[in-house]
Amino acid sequence: MASNVHRPAHAPTEPYDVEHHVPKRVYFAVFAALICLTWVTAWVSTIDLGSLNIYVALSIAVFKASLVVLFFMHVKYGTRLTKMIVGCGLFWLAMLLFIVMADIWTRGWMGVPGR
Amino acid sequence: MDSETAVVEQKPHHHPGYGETRHHFENAAQQKDASTIGMWVFLLTELMFFGGMFMAYFVYRQWYPIAFASASNKTNLWLGAFNTTVLICSSLTMALGVHAASMGKKKLLILFLFLTLVLGGAFLGVKGYEYHDKWVHHEVPGAHFDCEDCKDAAHAPLFFSLYFGMTGLHASHMIIGFGILLVLIWQAYKGKFTSKWYTPIEMFGLYWHFVDIVWIFLFPLLYLIDRSGRGLH
Amino acid sequence: MITATAPLKEKKNYINAEAGLKSWLLTQDHKRIAILYLIAVTAFFMVGGLMAALIRIELATPAGDLLDSNTYNKVFTMHGVIMVFFFLIPSIPAILGNFLLPLMIGAKDLAFPRINLISWYIYMLGGLCGVIVLLSGGVDTGWTFYTPFSSTYSNGYVVLTALAAFINGFSSILTGLNFIVTVHRMRAPGMTWFRLPLFVWAHYATSIIMILGTPVIAVTLFLLMLERGLHIGFFDPAYGGDPVLFQHLFWFYSHPAVYIMILPSMGVISEVVSTFCSKKPFGYTFIAFSSLAIAVFGFLVWGHHLFVSSQSAYAGMVFSILSFIVAIPSAIKVFNWTATMYKGSVRLDTPMLYALGFIGLFTIGGLTGLFLAAMGLDVHLTDTYFVIAHFHYVMVGGAILGYLAGIHFWWPKITGRMYPEGWSKIAAGLTFVGFNLTFFPQFILGYMGMPRRYHVYPPEFQVFNVLSSAGATVLGLGFLIPGIYLIWSLKYGKVAGPNPWGATGLEWQTSSPPPTENFEITPVVTTEAYDYAALAAREQMQEVTRLG
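Chains as they are written, first to last, in the numbering used here: chain X, 34 to 148; chain Y, 1171 to 1403; chain D, 41 to 588.
Some hints here could point you the wrong way.
[What the hints assert, rightly or not] With a Cα cut of at most 27 Å, we get these calculated DSS-like pairs of lysine-lysine:
{"no.": "1", "chain 1": "D", "residue 1": "K465", "chain 2": "D", "residue 2": "K320"}
{"no.": "2", "chain 1": "Y", "residue 1": "K1244", "chain 2": "Y", "residue 2": "K1362"}
{"no.": "3", "chain 1": "X", "residue 1": "K57", "chain 2": "Y", "residue 2": "K1275"}
{"no.": "4", "chain 1": "X", "residue 1": "K109", "chain 2": "Y", "residue 2": "K1304"}
{"no.": "5", "chain 1": "D", "residue 1": "K62", "chain 2": "D", "residue 2": "K52"}
{"no.": "6", "chain 1": "X", "residue 1": "K57", "chain 2": "Y", "residue 2": "K1360"}
{"no.": "7", "chain 1": "D", "residue 1": "K383", "chain 2": "D", "residue 2": "K319"}
{"no.": "8", "chain 1": "X", "residue 1": "K109", "chain 2": "Y", "residue 2": "K1360"}
{"no.": "9", "chain 1": "Y", "residue 1": "K1297", "chain 2": "Y", "residue 2": "K1321"}
{"no.": "10", "chain 1": "Y", "residue 1": "K1321", "chain 2": "X", "residue 2": "K57"}
{"no.": "11", "chain 1": "Y", "residue 1": "K1244", "chain 2": "X", "residue 2": "K57"}
{"no.": "12", "chain 1": "Y", "residue 1": "K1297", "chain 2": "X", "residue 2": "K57"}
{"no.": "13", "chain 1": "X", "residue 1": "K57", "chain 2": "Y", "residue 2": "K1276"}
{"no.": "14", "chain 1": "Y", "residue 1": "K1276", "chain 2": "X", "residue 2": "K116"}
[Stated by the list, open to error] Beta-carbon label-pair distances, calculated as ranges:
{"no.": "15", "chain 1": "D", "residue 1": "L200", "chain 2": "Y", "residue 2": "F1228", "range": "27 to 35 Å"}
{"no.": "16", "chain 1": "Y", "residue 1": "Q1357", "chain 2": "D", "residue 2": "T232", "range": "45 to 53 Å"}
{"no.": "17", "chain 1": "Y", "residue 1": "N1246", "chain 2": "X", "residue 2": "V145", "range": "38 to 46 Å"}
[What the hints assert, rightly or not] A few chain X residues that face chain Y, going by a derived Cβ cut-off under 8 Å, partial list only:
{"no.": "18", "residue": "R58"}
{"no.": "19", "residue": "Y60"}
{"no.": "20", "residue": "F64"}
{"no.": "21", "residue": "V73"}
{"no.": "22", "residue": "L85"}
{"no.": "23", "residue": "N86"}
{"no.": "24", "residue": "A90"}
{"no.": "25", "residue": "G122"}
{"no.": "26", "residue": "F124"}
{"no.": "27", "residue": "T139"}
{"no.": "28", "residue": "M143"}
{"no.": "29", "residue": "V145"}
{"no.": "30", "residue": "G147"}
{"no.": "31", "residue": "R148"}
Source of the hints: derived by calculation from the structure; they are not laboratory data.
All values reported here derive from a predicted model rather than from experimental measurement.
Don't be surprised by glycine CBs; every beta carbon is placed ideally from N, CA and C.
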């Protein structure tokens, strides 16, 4: 039976974030947090925390990036698909980094010469 | 299936103007949604693109911590922090620009786009200065490399290769962004964007924020290794 | 049903919609772009095939009499680069995927038609770089570009070749991006995920790999170009760089790349087997999910290319077990196709012949992959002809047979013409026989220890090499004949109706060739996928209406 109704069931009826108009104060709050954290991370790096330094620096960086992704890039207000895409990307990057490092970290473990 | 009463839906040959819904989309919402997903998928590829160099960085930092720490200390912490601040400001202005576009405020949009441009330019200017500084101090890998008082100097070129490779790739993305911004400012000035349609602004915003995120990681990884100097004594 | 030889008045379709070269070179119609790709990809296949011919002629004798060692290195490198990057990776997705994806989901076009066109131009630009390399004297590093030879010692055109592959990667990325957005957002009303043809699932999975893998090789080649051009040491041991890091980064993409090459083929086979058994694919859901599983797991096994490098033995063990696991989804597909044939109404038209060949040859290729996944065996078999035989079984016996099956299956839809069935069966037979004669002896050669990438070999290997070269001649003929009759059919082939095979799927419900907008009315999907009963009912109704 032919139908002339052309609205696919899965297409959104309106732009996806029109109900979620992000108020400017959110942007300014995020901005303030990002600036603070930048100076914090710079300052912490001058303090000797031993092997913890890198973890602190990366944790702050991850937190800052999350703020940008969630609020500046609207992912918090976005569709499920958007969130899934972001998640997939992070997962794949993690796979690249960790599996190669799994080789690097385990060289010499088996006692096989040269490996 | 009554094919004889089928309605033939051949639309007249019409080239959509800028901002109109294209013929293969059902409506504007579907088109915008498709654009957004497309942009995110593209950013995914960018993530993996930079990811390869982060990979190389992690391996070599693991193996040559002294060389990396020593070489990292040769970068200028204040310039790095300043540049990070500049980029974050540009992300704010970009987000405010998208917001202005969504409200249909043309003058405000142009202002914010212009501020983003200026801040981006400032970043690139500082970067250019840093590169020049490195060149003058023989810290550019290649035939003229000669890092004075780099500890574990034999492995120092690896750090600097990564420094130039990663910040260079980042800077080239900024330059492309700079070019696109010029186009968008021009188009905004011509009144192409309305509160109903401002997709290119939003898509570019996503790109610009991504480039900012890359720098958010580059800053600690390149500038902040062992600034207390513990491992270097 | 197939109508008379020539229609009285040709209906408006995507081919005759607009005339002139400009209308083709500036088209945004996914079907025309597919044809552009078909022409370009075929041209590259012929160049790559010429390289293969040179290899097999050289290897017919133990001495290095036709080509000296440097030239031979360049020939097999160009064969690999062209066949991998310019033929296998784009072939099915850029030709059949581009043409069929919107039709299969009931859309008017892909999500981003202009990006589709740009992807073809990017492909041509990469190809141009490749041609320049070929004409300038080639590159001799092997398609794998291992450092430090490629970064420091090679005298060939490494940077330009790397650039060709780098540029080509963007074409791949844009195609994958387009497919993903299209499948998510452009499906017709009623076309739910689990009503999608398996061809679409296969291309969706392929697109995931394209998106997530290709950028890594792009950056790897970028680093290689920097190192070679600017002497910045990323992989240079003199500065503490690690050549194995290059191999990690290279294979992180290049292993999933082989799944880019095979998954679309598997999608074709699902369609062909189902149609020529008039039966819904057995285990539709399993086949759909196995495509996704291959895409994900395919990213976890690249270290099996590094078994004999200084990769840690521990990591080697992990990669080995994962390589065994990745075979499971593929095996699931083979079992399901076979089960589809059980009690199906099997017709042995040419596409089905290619599909049957695929199932047999892919199984052999896949099983021999398991031999190589076992670390202990791999130490003996790596860099021998066993590996070459293995990947040619999956890439030629698998991917190319699937490609040919698809070209023949959808030829009537794409061109509105049938190819001559007699000649097509002869060609399929020649291809099958020629292929096995070429590559089965290579398993034995590899097992006996003949190394790959050598233009000379000890005389005791000659018999099998001669068999292999003889087979290559037959295989070449098997590939050449379709080239001739397919072009012939454009003018002289029987005119085809909308559904000459009795297949389900939305693409068969529009005319052959389809109109530019694909469907005169946007279809609304109400039946499940592969509903042959509904198809029969529909055709009966049309027959009744026609007679009544």
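State the violated hints by number, sorted upward, taking the hints as numbered earlier in the document.
Hints 2, 4, 8, 10, 11, 12, 14, 16, 18, 21, 22, 26, 27, 28, 29, 30 and 31 are the ones this structure does not satisfy, whereas the remaining hints hold.
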